[in-house]
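Trainee: Each chain, letter by letter, is given below.
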Amino acid sequence: MTYLFTVSPDFSPDHLSGWFIFNTWLQRVLETRFHLELFDDFQALHRAIADDRVDLIYSNPHDAATLVREKGFTALVKPRGASDEALIASFSGSEFNRVEDLSPGAKIATADDPTVHLIGMMLLEPAGLSKDNIQLIECGNYVQVAKKLLKGECDAGIFFASAFDELSRPIQDQLRVLVRSDIQVLHHSLMASPRLEQYWETLQEALLAMDGKPKSQEILQSLGFAGWEPVDREETEFMIDLMDTLTYSPAESLDS
Amino acid sequence: MIADMSQEAVQGEFREHVLQLFQGGPRRVLVTDIEIPYPDGRLIVSRTDTQGIITHVNQSFVAMSGYREEELIGAPHAILRHPDMPKAAFKDLWETIQQGGIWQGYVKNLRKDGAYYWVKATVIPNVRRGKIIGYSSVRRKPERSKVLECVQLYAAMRAKELEEDR
Chain A
1 MTYLFTVSPD FSPDHLSGWF IFNTWLQRVL ETRFHLELFD DFQALHRAIA DDRVDLIYSN
61 PHDAATLVRE KGFTALVKPR GASDEALIAS FSGSEFNRVE DLSPGAKIAT ADDPTVHLIG
121 MMLLEPAGLS KDNIQLIECG NYVQVAKKLL KGECDAGIFF ASAFDELSRP IQDQLRVLVR
181 SDIQVLHHSL MASPRLEQYW ETLQEALLAM DGKPKSQEIL QSLGFAGWEP VDREETEFMI
241 DLMDTLTYSP AESLDS
Chain B
1 MIADMSQEAV QGEFREHVLQ LFQGGPRRVL VTDIEIPYPD GRLIVSRTDT QGIITHVNQS
61 FVAMSGYREE ELIGAPHAIL RHPDMPKAAF KDLWETIQQG GIWQGYVKNL RKDGAYYWVK
121 ATVIPNVRRG KIIGYSSVRR KPERSKVLEC VQLYAAMRAK ELEEDR
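Protein sequences, first through last, are from chains A and B.
For the first sequence, my numbering begins at 1 and goes up steadily by one.
For the second sequence, my numbering begins at 1 and goes up steadily by one.
To be clear, the hints were calculated from the coordinates, so they are not data collected in a lab.
Incorrect hints may appear among the rest.
No farther apart than 20 Å at their CA atoms in a straight line, the calculated lysine to any residue pairs in the SDA-like style are these [claimed, not checked]:
hint : chain 1 : residue 1 : chain 2 : residue 2
1    : A       : LYS131    : B       : SER145
2    : A       : LYS147    : A       : ASN97
3    : A       : LYS148    : A       : SER94
4    : B       : LYS146    : A       : ASP132
5    : B       : LYS146    : A       : PRO250
6    : B       : LYS146    : A       : GLY105
7    : B       : LYS146    : A       : ASN133
8    : A       : LYS131    : B       : GLU143
9    : A       : LYS71     : B       : VAL127
10   : B       : LYS131    : A       : GLU235
11   : B       : LYS146    : A       : SER103
One chain only, chain A, in its complex shape (with noise of 0.2 Å):
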């Protein structure tokens, strides 16, 4: 038997052979076959979560909940030291010099990645602006968002903080960061399906001891990660509380 493997296609594009060298150390360690899939986009993803298809997933915070309450998924580590941020920035020339300077009706360039998305707008609503009255363009990846501003083509853009960080310098000296999020508790897990669970306890044991061996220390380095912490039910369950708050949107009520 075949298992699939995905990567949520938020992945830095830096990264893509480092997930195809994961992808073999994984099926040596675990002797079994392993297809390392990269889908397009988080619509192709959703659609093949939704069909049972996929046994291993190096998830967003945004997907863990379908995965863990509805398809039965355990977390096993996440990346030590790593947490999903976002942040918005503008043109370094444009008149904005914090989120509060945007006005409704702005035109807010973002990127094609939920998790990401959710906190730009949570970023972006001090200044009363949501999804209701600014103008969304979407783009590809956060090269395009920052073009957009660079164009003058739009107003800000909201972007993955670690891919605005391994953005050039010359690029980044040309915007400006109005806000940057600190929420520390998001984070990317690889989860395993119910399918694996003989696997659970020793992928969970190879993944943890991998910053050991001078080897695996070279995969870590190839996905950009210093090692891999364990991740509890509970830890995983309260993220998706806290992802929960952030997509709540009552009808508007100030007295409820």
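Assemble the complex: chain A is given as a structure, and chain B must be docked to it using the hints.
Mentor: Same frame as chain A, now just chain B:
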């Protein structure tokens, strides 16, 4: 019971109020007119048990409340209750979350030093195996115009409550 606020911890001129806390008895609080701005980009997060006793706080919660973490863990969440908040808001909050719903609203919180800070709060039940085991409260930076609307609205609600209490 929550201990009364101490005068030594309060900065500047203050007013004294006695809050009647639900399940918590009376509490003497000291309030000033100093507002502490909400920190950009942060979430203030706490968890309680089903009785509203704090079981977890993040560093942003500790920093904004002015209390030490060990003072917060085990204390009722009402330790943050500001006398300008109408009782009706918290009644609605508890009724909503005890029924398994999510509550969202704007809240003026009281710090240990008598100052205050406004938040947009969302409270969600922690449901595990079909049972509510506690609640998580996540606060974020509120829009200023909403805060100003709430200042007026809550003042009117408080005035009505005080009238009814007489």
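Trainee: What are the numbers of the hints that this structure violates, sorted from low to high?
Mentor: none
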